[in-house]
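Line by line, the protein sequences give chains A and B. 552 is the number that my numbering gives to position 43 of the first sequence; each next residue is one higher, with no gaps. 1276 is the number that my numbering gives to position 13 of the second sequence; each next residue is one higher, with no gaps.
Derived by calculation from the structure, the hints in this document are not laboratory data. Cβ atoms here follow ideal geometry from the backbone N, Cα and C, with glycine treated the same way. Be careful, since some hints might not be right.
[To be verified] Heads up, incomplete: computed chain B residues facing chain A, CB under 7 Å, no partners named:
#1 1357
#2 1428
#3 1432
[To be verified] Here chain A is said to cover these stretches of chain B; the calculated rule only asks that three of the stretch's residues, wherever they fall, bring their Cβ under 8 Å from a Cβ of chain A:
#4 1312-1321
#5 1333-1343
#6 1374-1386
#7 1448-1455
[To be verified] Part of the chain B face toward chain A, derived, beta carbon under 10 Å:
#8 1280
#9 1285
#10 1287
#11 1328
#12 1480
#13 1483
#14 1497
#15 1504
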Amino acid sequence: MIGMATLLTIVLMAGVTYLTRIGGYVVLRNRVLSARATVVMEAAPGCVLISVIAPAFVSRNPADLLALAIIFVAATRLSMLPTVLTGVASAGLLRHLIG
Amino acid sequence: MSISQAVEAAGDGSGSEFRRGVASCAPVLFGTIPYALVLGAQATQRGLSPVELSMMTGLNFAGGSEFAAIQLWTSPPHILLIVAITFLVNSRHLLMGAALAPFLRDLPRGKVFPALFFLCDESWALGLADAKRRAAAGITPAFSPRYYMGAALAMYLTWVAFTTLGALLGPMLGHVETYGFDMAFPAVFLVLMRGMWKNVAAARPWLVSLVVAALAYLLVPGAWYVAAGAVSGLLAAWLMAGDA
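Start from the sequences and build out the full structure, keeping to the hints where you can.
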């Protein structure tokens, strides 16, 4: 049921992933950051989040782009759950209508 | 429930902090469940058994790298290639941990290291946004470990359960992604970014990240776009901070 090569791959994947999870904390735990470094760290979360969802912004599907525009407007006005529901509903509907 | 409503509704009891974390994570699960089913279904097509897949999602618990691994999967797998890609896709955790580090300083390491095992995009973003809101409201300590663990465990159990279910149901599932559930992720992330918004100048690095990540996604195969976008945004922030 479990192949040795598969098991080894999975364990090594888990190991490097855990290292990335503790790495930032271990290195920066006891440092006092400069003003410039603080500005960079404050920008970091947004930079990571927008990079993860960047593919949605360059979709070739017009339905997806339109849904993303609706989500963008919703996100500036509504709280989390209404925005998510609006996003899922408009993407599902627009993909059905436009294809 | 939005994060701000959740903060207002929070009591002092540890149980309610945990529940507040689970509740904040609930909208995120709309996007996670279909994504998890798709991963499970794809894994069986690549020759992984349900047991092997649930080991992967349970021990690794980082969806992006698991999708990348499944795309690259052969039998037997190219171990070094898959491990290297896993590191690359998850290298953003280094930045995420660094952003969280100031809030974790007062916690004992015996709690932080297990908690960091459950660090994912969603638990990190919710935990950090909550800590920043509490800090702004003058609540100490700003970081609520039980809130974070509520969000993180909801995410973890959902991910492992539904990837396994996807592997068991396998080919019976059609294209789940066509129903629009994947758009929950941009929605969640954009709402979180609105919470981090200060002014146009402070958001310029985000625009750099978006443009570079989008170009990298279009031009470079694989998962380089996340690293390219994040690093170029940070570089822009570094350069712009010099002007001020």
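Each hint tested on the structure:
| no. | hint | result |
| --- | --- | --- |
| 1 | 1357 | holds (4 Å) |
| 2 | 1428 | violated (18 Å) |
| 3 | 1432 | violated (18 Å) |
| 4 | 1312-1321 | holds (count 5) |
| 5 | 1333-1343 | holds (count 4) |
| 6 | 1374-1386 | holds (count 6) |
| 7 | 1448-1455 | holds (count 8) |
| 8 | 1280 | violated (18 Å) |
| 9 | 1285 | violated (14 Å) |
| 10 | 1287 | holds (8 Å) |
| 11 | 1328 | holds (6 Å) |
| 12 | 1480 | holds (5 Å) |
| 13 | 1483 | violated (12 Å) |
| 14 | 1497 | holds (6 Å) |
| 15 | 1504 | holds (4 Å) |
Checked against the numbered hints above, the structure breaks hints 2, 3, 8, 9 and 13 and satisfies the rest.
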